[in-house]
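Student: Taking our numbering, I'd label the letters of the sequence shown as residues 2 to 218.
Read the hints as simulated data drawn from the structure, not as lab findings. Everything numeric in this text was worked out from a predicted model, so none of it was measured. The reader is advised that the hints may include incorrect statements.
Said to hold, decoys possible - Restricting the straight-line Cα-Cα distance to at most 30 Å, the calculated cross-link-like pairs of lysine-lysine (BS3-like) are:
#	residue 1	residue 2
1	Lys-28	Lys-48
2	Lys-208	Lys-48
3	Lys-154	Lys-208
4	Lys-93	Lys-154
5	Lys-48	Lys-154
6	Lys-212	Lys-154
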Amino acid sequence: PEVRAVVLAANGPHFCAGLDLGEHHAKARTAAEFMHMCQAWHRVFDKIQFGGIPVVGALHGAVVGGGLELAAATHIRVAEPNTYFALPEGQKGIFTGGGATVRVARIITPGRMVEMMLTGRVVDVHGGVSLGLVHEVTEDGACLSTARTLAKKVAGNAPLSNYAIVTSISRIAEMSSTEGLFAESLMAAVVQTGNEVQSRLGAFVDKSLPKVSLQTT
Numbered sequence: 002p003e004v005r006a007v008v009l010a011a012n013g014p015h016f017c018a019g020l021d022l023g024e025h026h027a028k029a030r031t032a033a034e035f036m037h038m039c040q041a042w043h044r045v046f047d048k049i050q051f052g053g054i055p056v057v058g059a060l061h062g063a064v065v066g067g068g069l070e071l072a073a074a075t076h077i078r079v080a081e082p083n084t085y086f087a088l089p090e091g092q093k094g095i096f097t098g099g100g101a102t103v104r105v106a107r108i109i110t111p112g113r114m115v116e117m118m119l120t121g122r123v124v125d126v127h128g129g130v131s132l133g134l135v136h137e138v139t140e141d142g143a144c145l146s147t148a149r150t151l152a153k154k155v156a157g158n159a160p161l162s163n164y165a166i167v168t169s170i171s172r173i174a175e176m177s178s179t180e181g182l183f184a185e186s187l188m189a190a191v192v193q194t195g196n197e198v199q200s201r202l203g204a205f206v207d208k209s210l211p212k213v214s215l216q217t218t
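Kindly generate the complete structure, drawing on both the sequences and the hints.
Tutor: In structure tokens, the structure reads:
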């Protein structure tokens with residue numbers, strides 16, 4: 002069956018605590034070896050971010066170092082109250098290698114990332130919301146179920162629209178205004194030719210789809 006959305010989650014008490022520092026110390030990799038390893042991480046995380054399928058991250062416990070780099074490649078991030086974030090590479094005598102200087106810095110701003118790394122600051126889930134690392138805080142033990150609910154909702158969108166959203170917005174944000182507006186118009190032109198466009202627009206016109214409104218409880 003066609004995959005229309007993905008949930009990225011983890012077993013155990015933590016989402017991902019990053020690089021195995023014991024293994025890293027024991028292997029004593031050369032500069033070239035470690036650079037190749039970093040580039041392998043980049044390829045994997047690029048496939049998550051730009052693979053064309055929306056990925057919802059279900060976060061809990063530690064989201065630290067490489068774990069934060071992994072989470073930053075997802076498109077929607079929900080987190081349990083016990084979730085915390087850190088980039089402790091400075092205190093370990095190393096530097097980020099899985100794309101934090103690109104993805105994390107763009108989410109939280111370079112200045113915030115510099116401060117986190119220099120001080121070793123640990124950010125709790127509410128701080129993660131403020132920084133843009135978390136989009137929704139769930140109840141205890143509910144990150145996976147919430148992520149699945151969101152993924153199901155996202156999967157109901159037109160696949161070509163989802164593809165455009167997850168592959169183009171981050172790229173366009175890096176362009177100049179002139180280039181970005183041109184790229185946006187091209188993507189809009191391509192997406193509006195999708196197979197589902199007429200049926201979805203027709204459903205909106207004949208009011209069989211709900212209107213956009215603020216949901217209150």
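Student: Given the hint that Lys-212 pairs with Lys-154, test it: the Cα-Cα distance must not exceed 30 Å.
Tutor: Satisfied, since the Cα-Cα distance of roughly 16 Å is no more than 30 Å.
Student: Decide if the proposed pair is consistent with the structure: Lys-28 and Lys-48, CA atoms, cutoff 30 Å inclusive.
Tutor: holds (27 Å)
Student: Against the 30 Å threshold, does the CA-CA distance of Lys-154 and Lys-208 hold or violate the hint?
Tutor: holds (20 Å)
Student: Straight-line Cα separation of Lys-48 and Lys-154 no greater than 30 Å?
Tutor: holds (22 Å)
Student: Holds or violated: Lys-93 and Lys-154, Cα atoms, limit 30 Å.
Tutor: violated (41 Å)
Student: Please work out if Lys-208 and Lys-48 have their alpha carbons no farther apart than 30 Å.
Tutor: violated (38 Å)
Checked against the numbered hints given earlier, the structure breaks hints 2 and 4 and satisfies all the rest.
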